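Trainee: Residue-level listing of the chains:
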Amino acid sequence: MNPFVEYCQSQLALRVAEAPSQEASRHSAWARFENVGWPTTRLEAWKYTSLAGLEKITPPTESFAELTWDFLKDHALLPDAKHRMVFIDGVFHEGLSRLDRLPQGVRIGPWSLLQDAERSDLVPRLMPAQTMTAFGALNEALFTDGAVIQVSGGAHLDEPLLLLHVTRGMHHGVQYVHLGENSEMTVVEQHLNLTDLPCHGNFATAIQLSPHSRLTWIKVQQGGAQSYHTAAVHAQQQQGSQLRYFPFALSGAMGRNDITIRLVETHAEVILKGVYQVADRSLQDFHTSIEHDCPECISDECFKGVLDGTGRAVFDGRVRVALDAQKTQSRQSNHNLLLSDKAEVDTKPQLEIFADDVKCSHGTTVGQLDETQWFYLRSRGVDKEVARTLLIKAFVKEIAEAVPHVEVRQALLHWLGTEEEEGFRHV
Amino acid sequence: MLSIDNLQASVADKPILRGISLEIKAGEVHAIMGPNGSGKSTLSNVLAGRENVRVTGGKVTYRGKDLLAMEVEERAREGVFLAFQYPVEIPGVGNVYLLKAALNAQRKHRGLPELDAMDFLALVKDKMKLMEMNESMLYRAVNEGFSGGEKKRNEILQMAVLEPHLSILDETDSGLDIDALKIVANGVNSLRSPERSMILVTHYQRLLDYIQPDFVHVLAGGRIVRSGGPELAHELEREGYAWIGDAQSQTVAAQ
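Same order as they appear, the protein sequences are chains W and R. The numbering of the first sequence is this note's numbering, which starts it at -1 and goes up by one. The numbering of the second sequence is this note's numbering, which starts it at 95 and goes up by one.
Chain R with its partners taken away, still in its complex shape (with noise of 0.2 Å):
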């Protein structure tokens, strides 16, 4: 699904990501953790093409074809979705309208008919229940006044109605309350297939607890330090990122 070989990128000619290589299948689900600055943002940010991070090396294939090669709303057609720590507000765009032209974008792309109003709005709909989301969100402009929460569960709504190939989940914990993040997780867990893989980019091991990793890289100083099962999450749970110092510095010596 995604292979990303020795990746080094930066932000204001400042070095952020320093070689990162990892391998994702199909079905996987890979969180990655690291301490604030350690680069997962960014990491997000490269996959999904946020023009402001400067690829400096390295080079990412997805489903086989030059990921870093395509523009960001060819990545998102391709199957890419990114759903942001920080949701966008737009006022004067309405929800159900960004959902209809993303969608239709994506089946144009895919050779597939358009969606007509009446089949699509049933589509949403239904999404919209498993978010348990109201449906006059649909008729608001895009995130304005919504709450954190209504924001992430937007995304994750974003994110079912375009039913991605690789979903990238940036930080989508944070600012949520535990009902909140129970039906993020939910919705989340109900796109789990072996055909579609996740990378959850967190802080805490929190929504872990929801949504049951396959992986987990600890990221740190633009590299990762640690790979591992889903107990590695506990670990860092536990012990914090305190060690993370002494693993550093291992792995610049091992280098």
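Same shape as in the complex, but just chain W (with noise of 0.2 Å):
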């Protein structure tokens, strides 16, 4: 057993002892967990994503200062969210969220202010998140609190909700939302660790889209130089439903992303576009799936890569078309810059198509910056770091662009260092 088990192990008791009520369920799931074993690069999901840097790590002994949200609105994405819940070392602080303007019909709380008959009613709704992979059991096991959103038939959240989750050692958190009939929200979920230190997060979120809902959910991860994350998202749309997903991984160690996406009744859509970011030492892996299993859905994604120094990244897309998902519309790509010479991307799009009558399309591309337009900018007299910096903004300008949310588009559009020529648009 590695020292990160060992670990994880040692919470599972404290976890029991908190919640007796759990027991079976928490110690079923780490049961689970072992027959699954811990992922090696042998298993094909796993190939070129090494856990090393992860097995060797405990939780930091230091004590961290108290946060305050003076502190916190400073990395906030938003920092003037009107909605927000704040999660520190995966527990809900009530002191630094702020759930008291919801609309009615929407209802946002932690996981560990529920009843308990109403966690056992949302325990299996939170399953198919859990059970894909060895950190979806741990998930299980382990979690401590989490996000539990409601929203009514027809209501809608007049503005994004934040759920920031500050993680300095190792926790693990759940996300449950499920959108009524013909609903609405925007969902803004930022990862900070805000230190150099050891620390994991692993966290599992499970979407349930009612028919005509609309759900935008923009997730950004920041973290340190021994900042692991690993995520798993399960989403599942009825009939009409329309599901933007924009994950942002931009720093940390390593980060694992497996996400799916099920449009399981007809004229479902699906918008799913992302940027991994990757330094020397550093690891982006994103692991999705959409499943058509219905006639005239549409997915459209597309990945954003930059890789610098020896970082690496992973992209593996697959899109399965059901037999009987005929006028299926389909569309995957995923770009690459690689700034160096060590930097690697292992991509791999995965189609199978068993329906006839779809448009199904995808494309990978791997490049370096383009010397000329780098010349050119550099020829009108822009540093040359700076035309450097432009040139890779440029690159994955296009994904935060497509964030409808204006305040979030900026945000973003301002964290990759393009928010100028933006403001420029106001004059």
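Don't read these hints as lab results, they were simulated from the structure. The model shown is predicted, which means the values in this text are computed figures rather than measured ones. Accuracy of the hints is not assured; some may be wrong.
Cut-off 25 Å, straight-line C-alpha distance, at most; resulting in silico cross-link-like pairs (DSS-like, lysine-lysine) [what the hints assert, rightly or not]: (1) K391/W - K159/R; (2) K391/W - K340/W; (3) K202/R - K391/W; (4) K382/W - K276/R; (5) K382/W - K245/R; (6) K245/R - K276/R; (7) K382/W - K159/R; (8) K382/W - K119/R.
Build the complex: two chains, separate frames, hints provided.
Mentor: Okay, here's the thing in structure tokens:
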């Protein structure tokens, strides 16, 4: 057993002691984890993603200063978010959160404050996000808290909800979202660790979209030199529902996202567009799976990667179109910008199409910075490094620009360093 | 302004410029003509600092400084401007952003305060009128989806905004219809001044009908084989470049 798993096992006993009623389910999840085993590069799903770094870490023994919103807001994607939930080291922090202005029909709260009966009801609904991988089983066995979001039919959350997770130790969290018929909301999920000490966050998110509901979800991962992040998302979309999911893996030692989207009724649409960027000794891994189970659904997927130094990335994009999913429209692309000879990307599109009347496309590119463009900018007096950054930003900007919410888009563009140009448009 | 002394340069280890000497004084407009493959574009690229061209000999002095020792961006900030033969499309970088970054980089270099957005836009819009460009082009990505004529006009717009001391116009007339050519020439002419020098690199005499040069040089086989006044361009237009073979062998013989 490696130090990471040993630590996890010590946590299992604590979790059970806290809530004896959950003993059976946590133990059975742990048994499932042991059965699946610690992922190694011998497994196809982990072939290019070594966990050698993660398996050695244990949480830091330092005690951390109390966080204030004044401090956090400088790091938050939406510093003025009207609605926000803050989780510190895996636990909901009521003082830093703000949920007192929710409109009617929108119920948002932490898992830890739910009644037992409600938890029992929700446990099976989280399952799809927890069954996929070894980390899913660990999550089910060890999760401490999470966000539970329920929007009634026709309700509409006026402004985005910020879910801010600050992870400085080793924690497991859940997120559950259910949108009722024809309801709508935007979620901004942000992960920070704010230290260079070892830490690991492991999250499971289950999303259920009722007919004609619309969910926009922006996820941003930022971490220090020893920050590890693993996450699984499982979304199930009913008729005519719309999901727009934008993950941005910006920093950290390692990130692994398993994203599964099932289009189970007709006319459901999903847009899945993300960015990963890696530099020396860091890795980001996206495994996505879009499942067209029904006719006339649309999926539009695009991931862009920027790889510098000895950075590595993995993109594994599966699209499955079931036999009776006729009139499916599916697009997938993955574009990578390699800034160094030592960077590496392993990209693997997988299309499994069983229906015959479909429009499906996919494409992958791996390229370098365009020397001619670089020269052109420099020949106008733009500094060498500034020109390089400008071209990198230009490459990924398209994804940020697809984010429909203005304030979030501006904040992302700001982080991608191109805000000045945006600002210009308002002169 | 610019003094080129026995300049030699190679591209991919192939010698292209074989000893070029040229003196350009402030206020002068020099046309460099010559057949394809004579080294015209290589000369433009060397002066702008393109890294795929390797200088193997000679020197270039620009306003008293060693031009070849300067980084690309430094040359630009010192007032050297290359209007590209094939302006580069840069998706994701706004035209207005590039213009402002370029102008402010130059102003900073010269110890001037940076222009704020308002003053900058006023300046650019003024120059756009001269180039008969639609303001919407400011908010498009650099040259992306521009027609050939729009790209060339955009080059001259940048030149008008940056007000360089030395402009090198590399085949600016290529791909332009007559109306666009007039607009471009008008833009270039408006920038002529006693302090500003220009090098017009061109294959055809056509551009010189609209921008009258002070001197014309014929480049062939990486050397200047003839120099003269504007009348030389007309001669070339009449007689083509076929005589160059003889001229080249004469030059070689003379050496």
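Trainee: None of the hints should be skipped; say for each whether it holds.
Mentor: Quick rundown of the hints versus the structure:
Under the criterion of a C-alpha separation no larger than 25 Å, the hint pairing K391/W with K159/R is inconsistent with the structure, at around 35 Å. For the suggested pair K391/W and K340/W, the alpha carbons sit about 21 Å apart, so the restraint of at most 25 Å is met. Our distance criterion of 25 Å between C-alpha atoms is met by K202/R and K391/W, whose separation comes to about 23 Å. Proximity of K382/W to K276/R is assessed by CA-CA distance (about 35 Å); at most 25 Å being required, the pair is judged violated.
The suggested pairing of K382/W with K245/R holds, with an alpha-carbon distance near 23 Å, which does not exceed 25 Å. Of the supplied pair hints, the one linking K245/R and K276/R holds, its CA atoms being roughly 15 Å apart against a limit of 25 Å. Taking the CA atoms of K382/W and K159/R, the gap is about 21 Å. The hint holds against a cut of 25 Å. Under the criterion of a C-alpha separation no larger than 25 Å, the hint pairing K382/W with K119/R is inconsistent with the structure, at around 30 Å.
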